[in-house]
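Student: For reference, the chains in residue letters:
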Amino acid sequence: MAQTPVLEVRNLRVEFPTRKGTLVAVDDISFHVNEGEVLGVVGESGAGKSMTGTAVINLLEPPGRIGGGEVYLDGRRIDNLPYEQMRRIRGRQIGMVFQDPLTSLNPLYTVGRQLIETIRTHTDLSEQGARKRALELLAEVGIPSAERRIDQYPHQFSGGMRQRVVIALALCVNPRLVIADEPTTALDVSIQAQIIALLKKLCHEHGAAVMLITHDMGVIAETADRVAVMYAGRLAEVGPVQQVIQQAKHPYTEGLMGSIPKVGHHTDRLAQIEGSMPRLTEIPNGCAYHPRCPKAFARCFAERPDLITQGATDVSCWLYDEELQRVEAHG
Amino acid sequence: MADFAATALDKSQNRQTGGAGAMESGAAAQPLVRVEGLAKYFDVSPPLLTRVLEGQKKAIVRAVDGVSFAIPQGKTFSLVGESGCGKSTVARLVVGLYRPTRGHIEFEGTDLASLRTRAQMAPLRKRLQMIFQDPYASLNPRWRVADIIAEPIRAHKLMDDDRGILRRVGELLEQVRLSPRDGEKFPHEFSGGQRQRISIARALASNPEFLVCDEPTSALDVSVQAQILNLMKDLQRELGLTYLFISHDLAVVYHISDYVGVMYLGRLVEWGEAQQVFGSPRHPYTRMLMDAIPDLEMTGRQRIPVAGEVPSPIDPPSGCYFHPRCPFANERCSAESPMAIPVGSGEVACHGVEEGRI
Chain D
1 MAQTPVLEVR NLRVEFPTRK GTLVAVDDIS FHVNEGEVLG VVGESGAGKS MTGTAVINLL
61 EPPGRIGGGE VYLDGRRIDN LPYEQMRRIR GRQIGMVFQD PLTSLNPLYT VGRQLIETIR
121 THTDLSEQGA RKRALELLAE VGIPSAERRI DQYPHQFSGG MRQRVVIALA LCVNPRLVIA
181 DEPTTALDVS IQAQIIALLK KLCHEHGAAV MLITHDMGVI AETADRVAVM YAGRLAEVGP
241 VQQVIQQAKH PYTEGLMGSI PKVGHHTDRL AQIEGSMPRL TEIPNGCAYH PRCPKAFARC
301 FAERPDLITQ GATDVSCWLY DEELQRVEAH G
Chain Z
1001 MADFAATALD KSQNRQTGGA GAMESGAAAQ PLVRVEGLAK YFDVSPPLLT RVLEGQKKAI
1061 VRAVDGVSFA IPQGKTFSLV GESGCGKSTV ARLVVGLYRP TRGHIEFEGT DLASLRTRAQ
1121 MAPLRKRLQM IFQDPYASLN PRWRVADIIA EPIRAHKLMD DDRGILRRVG ELLEQVRLSP
1181 RDGEKFPHEF SGGQRQRISI ARALASNPEF LVCDEPTSAL DVSVQAQILN LMKDLQRELG
1241 LTYLFISHDL AVVYHISDYV GVMYLGRLVE WGEAQQVFGS PRHPYTRMLM DAIPDLEMTG
1301 RQRIPVAGEV PSPIDPPSGC YFHPRCPFAN ERCSAESPMA IPVGSGEVAC HGVEEGRI
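Protein chains in written order, with my numbering: chain D, 1 to 331; chain Z, 1001 to 1358.
Everything labelled a hint here was simulated from the structure, so no lab data went into it.
If you're wondering where the values come from, they're calculated on a predicted model, not measured in any experiment.
There's no promise every hint is true.
Computed list of chain Z residues with no C-beta within reach of chain D, every gap over 10 Å [as the list claims (entries may be wrong)]:
1) Ala1039
2) Ala1122
3) Leu1124
4) Tyr1136
5) Met1159
6) Ser1191
7) Gln1194
8) Asp1221
9) Glu1238
10) Ala1251
11) Ala1329
Pairwise CB distance ranges, derived in the manner of DEER restraints [claimed, not checked]:
12) D:Pro294 with Z:Met1339: 47 to 55 Å
13) Z:Asn1330 with D:Gln246: 23 to 31 Å
14) D:His266 with Z:Glu1189: 35 to 43 Å
15) D:Ile283 with Z:Arg1144: 24 to 32 Å
16) Z:Gly1279 with D:Ala312: 53 to 61 Å
17) Z:Arg1102 with D:Asp151: 39 to 47 Å
Backbone N, C-alpha and C fix where the C-beta goes; we use that ideal spot for every residue, glycine too.
Okay, chain D solo, but in the shape it has when bound (with noise of 0.2 Å):
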């Protein structure tokens, strides 16, 4: 991998100052994103892996704050700029998409508005150049009659087609990031498919690079090429996407992947992970997973484990660095 990658995150830590201590939300995560590639972000509410995209384009709430590590976008350092020269990068270089598209949306402009306001604001398209480029993007994200939907305001628009202007939006001044946080949680499943096959295609056609969170693993299985599991604030395992839904190595992955209901296999009972996740105050000692780990010996209650490389695959968890030593002692 010779390229620079497009977004590269380096020991991220995202802490919390409270008056019983410091809570720490992510916890020395790294990892990278190339060119035209979808990286999912999985985990259970909590994990912090929207904290980590957050984190990522520096518009924490405070009072929480990046404790250490670096967030490099095209090789250029970007999690020490000042706030103004930040706001640019957000604006020219990352397109951001939420959950909720009413709340990325402002109610009193109309949808036409409020893309031509960002397109000028980033670009020096004169008003009618920035108004036939608003008509291509709302064309090419699939709003049917984009003439008239352009004078529209965002209370006229469905769940799904929101979304849609929301996509326009992030992809309108050809980012090199897309962060698209839960884009589709609160869609139907029919929208849904519409919404994840429009993004993964934008992306691939605009080659940006996406990174995708989400709490569902079927989203990441159709959509992301490689992806990241989290857990407590920390990376369990980051791969290719076949890689970790199929043979997930670390033992959360796998009892995650466990535990979701498949149509075809029928099974009277799910498998499940004893337990829930550790609260940010009571984040254990060793390994984070541990205490419901099936698995776990003597090391994991001790030492935390660091990202091990295992083929495609990294994975923090104790379990294959014994297998490597084992291997070595063979070989």
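Chain D is already provided as a structure; the job is to place chain Z on it using the hints.
Tutor: Relative to chain D, chain Z alone:
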């Protein structure tokens, strides 16, 4: 009054035979719940003055429009569909939170709509209970868990000594795999999954036979969802419960159901045994939904997106409501509303299936 007496008689007979029968064979022929031609219309017209001044018409939403199905004892019947298709309205109608505009809901042969007063409803009420989607909104934050669970016991005067009630609450908590000591706590001390367990314990407090579950796992993470689904299956086996399960998640429905009904714009387009509906779906809408299921196996199958969106129920299309999105639609579909015809173990409402085109 005659109805009421008949119910009481039915009930005492069923108590002796029904529960045990459902547990040993699991295949009771007599349906516990039968819904026939059920409809619920909501008046969403603008105020009278606006109508007069601006010449606007009355507007009626046909949230549920002629739905019929039956649930055998000890089985799970699921309703699936996209948002706005009326599945939650059916749930609310069945437990009596809404009064139907038309149609019948029979519980062991007694028509719920014929019971007019609270006193008449009360004996039936405790036998059917509901679990709601949002475990954060459905538990009173100012009550201790023990009081929340004891509420149905007190409301129906099933027990009157406080120590007995406390013991029963402890049992219920253990039944949903919580600790009896959790009764002392308040809802905010629990996670979403634990709260949903508390909701289940509360629903079980009055010894119901029938539970209506409206998206009970939609607000939960997958691993927690698996715990709740397993618990619900265990309880069904232990207590011989019958479920009406409402969900938009097809995989969850496949896992939990014996029978599945697919709803579209207030109508049931297809229902039957789960294996049949999922294995060989007949209605074009059902097929579209099946194709839209995210594929975890990644066999290379491209998910086929369903074209278009659900039309507004205030102004539904003519004929078959699905015809504007249906690839097989012809003139008859746009003119004439299809009747349900028997297919296999269930029914399908589609002209194409009836004519053998699909």
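Student: Work down the list of hints and note, for each, if the structure agrees.
Tutor: Going through the hints against the structure:
1. Ala1039: holds, 23 Å
2. Ala1122: holds, 36 Å
3. Leu1124: holds, 31 Å
4. Tyr1136: holds, 12 Å
5. Met1159: holds, 32 Å
6. Ser1191: Its Cβ does come within 10 Å of chain D, the nearest being 5 Å, so this is violated.
7. Gln1194: violated, 8 Å
8. Asp1221: violated, 4 Å
9. Glu1238: holds, 14 Å
10. Ala1251: violated, 4 Å
11. Ala1329: Non-interface label stands for Z:Ala1329: nearest chain D Cβ at 17 Å, farther than 10 Å.
12. D:Pro294 with Z:Met1339: 47 to 55 Å: Once the Cβ atoms are compared, 53 Å apart, the range 47 to 55 Å for Z:Met1339 and D:Pro294 holds.
13. Z:Asn1330 with D:Gln246: 23 to 31 Å: violated, 43 Å
14. D:His266 with Z:Glu1189: 35 to 43 Å: holds, 37 Å
15. D:Ile283 with Z:Arg1144: 24 to 32 Å: Given a distance of about 29 Å, which is inside 24 to 32 Å, the answer is holds.
16. Z:Gly1279 with D:Ala312: 53 to 61 Å: The hint (53 to 61 Å, Cβ to Cβ) is violated, given that Z:Gly1279 and D:Ala312 are roughly 36 Å apart.
17. Z:Arg1102 with D:Asp151: 39 to 47 Å: At roughly 42 Å between Cβ atoms, D:Asp151 and Z:Arg1102 fall inside 39 to 47 Å, so the hint holds.
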